[in-house]
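Trainee: What follows is the residue order along each chain.
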Amino acid sequence: MTRELLTGNGAAAWGARLAHADYVPAFPITPQTEIIETLAGWFDSGEMPGRLVTLESEHSMITAAGAAAATGVRVFTATSSQGLLYGMEMIYAVAGWRAPFVMVNVSRGLATPITLESDHSDVLAARDSGFLQIHCATCQEVLDSILMAYRLAEDTRTRLPVIVNLDGFYLSFTREPVEIPDPDSVREFLPPHDPQNARFRASAPASQGVAVLGGSPYSYFRYEAHLAALRSIDVYGEVAAEFEAAFGRRHDAIDAYRCDDAEIVFVMIGSFATKAKAAVDQLRDAGFAVGLVRLRLVRPFPVEDLRRVVAGKRGIAVIDQNLSMGKGGVLHAEVASTLYGRPDAPPILMSFIGGLGGRDISPEELYEIAAETRKAAEDGRTPPPRLLYTRDELREIRKLQVIAEVERNELEPGQ
Amino acid sequence: MNDTAFKRMKDLPSTHLLGTGTPMCAGCGGLSALHEIYDVLGPKTVFVNAAGCMTLLSVYPFTPFRGSWLYTSMASAPAGAQGVRDALDILLEQGRMPPEEDLDVVTLTGDGAAYGMGLSSTSSAIERGLDFLYICYDNEGYGNTGHQASGATPHAAKTTTSQGPGGFRGYKKDLFSIWAAHEPAYVATVIGSEPLDLARKIEKAKSLKGPRLILALAPCPTGWEYEPADSIDIGRLAVKTGVWPLKEYVDGQVVHTVVPSPRLPVEAYFEKQGRFAHLFDPDRDDELLADLQARVDRYWAAL
Chain A
1 MTRELLTGNG AAAWGARLAH ADYVPAFPIT PQTEIIETLA GWFDSGEMPG
51 RLVTLESEHS MITAAGAAAA TGVRVFTATS SQGLLYGMEM IYAVAGWRAP
101 FVMVNVSRGL ATPITLESDH SDVLAARDSG FLQIHCATCQ EVLDSILMAY
151 RLAEDTRTRL PVIVNLDGFY LSFTREPVEI PDPDSVREFL PPHDPQNARF
201 RASAPASQGV AVLGGSPYSY FRYEAHLAAL RSIDVYGEVA AEFEAAFGRR
251 HDAIDAYRCD DAEIVFVMIG SFATKAKAAV DQLRDAGFAV GLVRLRLVRP
301 FPVEDLRRVV AGKRGIAVID QNLSMGKGGV LHAEVASTLY GRPDAPPILM
351 SFIGGLGGRD ISPEELYEIA AETRKAAEDG RTPPPRLLYT RDELREIRKL
401 QVIAEVERNE LEPGQ
Chain B
1 MNDTAFKRMK DLPSTHLLGT GTPMCAGCGG LSALHEIYDV LGPKTVFVNA
51 AGCMTLLSVY PFTPFRGSWL YTSMASAPAG AQGVRDALDI LLEQGRMPPE
101 EDLDVVTLTG DGAAYGMGLS STSSAIERGL DFLYICYDNE GYGNTGHQAS
151 GATPHAAKTT TSQGPGGFRG YKKDLFSIWA AHEPAYVATV IGSEPLDLAR
201 KIEKAKSLKG PRLILALAPC PTGWEYEPAD SIDIGRLAVK TGVWPLKEYV
251 DGQVVHTVVP SPRLPVEAYF EKQGRFAHLF DPDRDDELLA DLQARVDRYW
301 AAL
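Same order as they appear, the protein sequences are chains A and B. For the first sequence, our numbering gives the first residue as 1, with consecutive numbering after it. For the second sequence, our numbering gives the first residue as 1, with consecutive numbering after it.
No lab work stands behind these hints, which were simulated from the structure alone. One or more of the hints may lead you astray.
Unchecked claim - From the structure, some residues in chain B lie toward chain A, with a derived Cβ separation under 7 Å:
| # | residue |
| --- | --- |
| 1 | 63 |
| 2 | 69 |
| 3 | 103 |
| 4 | 250 |
Quick reminder that beta carbons are idealized off the backbone N, C-alpha and C, glycines included.
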């Protein structure tokens, strides 16, 4: 075991290397490129056996990833944002093949407007695909989650691909001390992949990804994949326990921070939860009983864990770094459907949208969210969802609009 | 062709490997070509398929293939072939799979994928030197959805999206030359109605490594509007009129393997097909027919 300063992207590359990924189909996209550049270097130098192949698009990259996994090798790939969406047809298709592999998504907001910076709209667009999703908040977690993800994906009870998500810029380019586990212990925790019958060999012809006729066989195979995804919550629990035994770090489906005696809890995913953690400490110091629930698993959704952790609280504030146009926060709806009708569910479920396209969520905003949630609990009434935006931001955008208007008038003759 | 095992018709395989009872239409020219191709290729193959008519060959739980199959998507079958080939190579290189378990990777798509949506992934697979055989059954339209015009539709053909007086206004894309421009290992045109020429080309393609295309014109009774029993005749006329040149590209040279002499007038081919009926009925369109003939004449004159 060694300890190094690694970026989130560097930690992702180390995860793939330690997992002995045989094959990396790749396509560059900001902010993911450091991952594939690092891996390409290791394949070129012979430090990693196998090969990295650059495809001409994410659609092809995900096809090649699924096809190689369906042939029985261990596959790693990585993408982000527009790339994930460009490959979305194949995201659904390869999950249906039940091809087990691991894909890192470095979260970035979606066009339009085009941006390079982070939010979760990209990865949540893949929510219903059949890929399982693990969301990370630290660089260490990125490395660890990739190792765990292979165990989860390849387990015969699961046999589904897994996305390991990290936030672009905030985590992809942030250096943190990361423990790089010893390769032999990793090999013990994660033995070589045994594809069993899911492969192509001359002596054992197989048809994969075939068509069906009619809704009945279609429904059967879709239900099978769904049930496997549901079952994988138990597989995840086993994997997390074994990981802790091997490496001393525990990564539960839910990271619950100071929740036990909390009145109000924040619910969120990703690296901004580390800011929320600091805010919880500040609020606690001020005598305000706030806790934080960070979901590491989004698929399968950790229904039982979430119900247990928030049972009896006065209010929940869901902070979504995504936006489902015409509805609101995706996570908010997921939490609502998990808790609705349960007698021990908190009576107040607030929705806040923030952190889109790299926008920060400040400590003051988190304090305000906590205060508003407490007020709602006192009033017994949940106010409508809030879109976080400050007066200062609005003033800045107004300035840009004035510039745009002046420039446009300048170009129009007769003004 | 001196070293071919297929010198005469009776040398062609007498054992047929592709199963029967598929959902392809009666008289499908693509299926007859595939039968002939599969007899030579054999079952140590994995067919990586793109969305098209032949996606319906393997419908759970049936398949006519004795070997393997993977359905991908319309655009990315060559990328699927890349993943399978790379995985097999990794297993071979690392001694994790005995050589006798290896498979030839074959991409099977229609013209919609080969000429259009899948052209980017095809071009890139060739550029990477992928060791695969690409079979395109070209029925000159989006056949599986009712025969709309595609990048392979010939000038003047009526399709369900080109019903106007002159039929399809565009011109059939030259996929053979697009492939050849990439300098791959092999490119050949074939047709099921010329089984000896086809078998020799599959034999040659099989002996080579690298990107290889077999472009099969696939007479299509439903899309081209003729009786299924006429498929072979129409295929032969495509060759005899010079509309479908049988040729191959290998080692930087294009060689015509069949040179029709004398060439029949193109109308002998067009008049058999409902999609070209407007060239003859209610009035004969002499101008358009002359233009179509001139285009074929120019092709052969340039050789």
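Trainee: Let me know if the C-beta of residue 250/B comes in closer than 7 Å to any C-beta of chain A, holds or violated.
Mentor: Where the cut-off is 7 Å and the nearest Cβ of chain A is about 25 Å from residue 250/B, the hint is violated.
Trainee: Given a cut of 7 Å on the nearest C-beta pair, is the interface hint for residue 69/B held or broken against chain A?
Mentor: holds (4 Å)
Trainee: Measuring from the C-beta of residue 103/B to each C-beta in chain A, is the shortest one below 7 Å?
Mentor: holds (6 Å)
Trainee: With chain A as the partner, please determine if residue 63/B meets the hint condition of a C-beta pair closer than 7 Å.
Mentor: Holds: closest Cβ of chain A sits about 5 Å from residue 63/B, inside 7 Å.
Checked against the numbered hints above, the structure breaks only hint 4 and satisfies the rest.
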